[in-house]
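Colleague: Using my numbering, the letters of the sequence shown map in sequence onto residues 1 to 139.
Hints listed in this document are in silico derivations from the structure and should not be mistaken for laboratory results. Treat the numbers as computed from the prediction; the structure is a model and nothing was measured. All C-beta atoms, glycine included, are put in the ideal place defined by N, C-alpha and C. Where hints are given, some of them may not hold.
Stated by the list, open to error - Here are the simulated lysine-lysine pairs, DSS-like style, with alpha carbons at most 30 Å apart:
#1 LYS85 with LYS97
#2 LYS16 with LYS85
#3 LYS21 with LYS88
#4 LYS21 with LYS85
What the hints assert, rightly or not - Beta-carbon label-pair distances, calculated as ranges:
#5 TYR130 with VAL102: 16 to 22 Å
#6 PHE90 with GLY49: 36 to 42 Å
#7 TYR130 with LEU46: 25 to 31 Å
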Amino acid sequence: MAESVVSDLEEQFDHKDLHLKARRAALGIVAGQLGITLLISAVGFLIGGARAGISALMGGGIGTVSSLYMAVSIFRLGVDAEPDKILKGFYRGEFLKLALIVVLFGLVLTTIEVSFGPMLGCFAATLLVYWVALLRSPI
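Work out the full structure: start from the sequences and follow the hints.
Modeller: Listed below in structure tokens is the structure:
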């Protein structure tokens, strides 16, 4: 009986620890995306002027904001949530993330005169942050 309670507590602690590490990793990716966005935007501003810098900021901002939405959406449910609810939340979050990307690109393209190269390049750079995080992952 006592062994079962200890085992349950250890398992619960492991799940909470894993949940916390995963949340930190997800927010670390978002922080990395923000950093690369600011760096590329500053370089774009210095090399190509205001239009290039703002364009890069818009593209990177779209990638960063959509990733932040996904991270918040995934970890909205607690560690004790049912697996099917977690999976449904993941699918819903990914769909809404893609919809958010489409809406934000549409908004930027219809309201601001942007340079496509810096905008799409910085957006792509935010996606590369995932690959770097994957290569650095101990898993």
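Colleague: For every hint, state whether the structure bears it out.
Modeller: Each hint, compared with the structure:
For a cut-off of 30 Å, the pair hint linking LYS85 to LYS97 stands: about 18 Å separates their Cα positions. With a CA separation close to 17 Å, the supplied pair LYS16 and LYS85 stays within the 30 Å bound. The hinted pair formed by LYS21 and LYS88 meets the criterion: a straight-line CA distance of about 21 Å does not exceed 30 Å. With a C-alpha separation of about 20 Å, the suggested pair LYS21 and LYS85 falls inside the 30 Å cut-off, and the hint holds.
For the pair TYR130 and VAL102, the supplied restraint of 16 to 22 Å holds, since their beta-carbon distance comes to about 19 Å. With their beta carbons about 41 Å apart, PHE90 and GLY49 fall inside the hinted range of 36 to 42 Å. For the pair TYR130 and LEU46, the supplied restraint of 25 to 31 Å holds, since their beta-carbon distance comes to about 27 Å.
The structure is consistent with each of the numbered hints, conforming to all of them.
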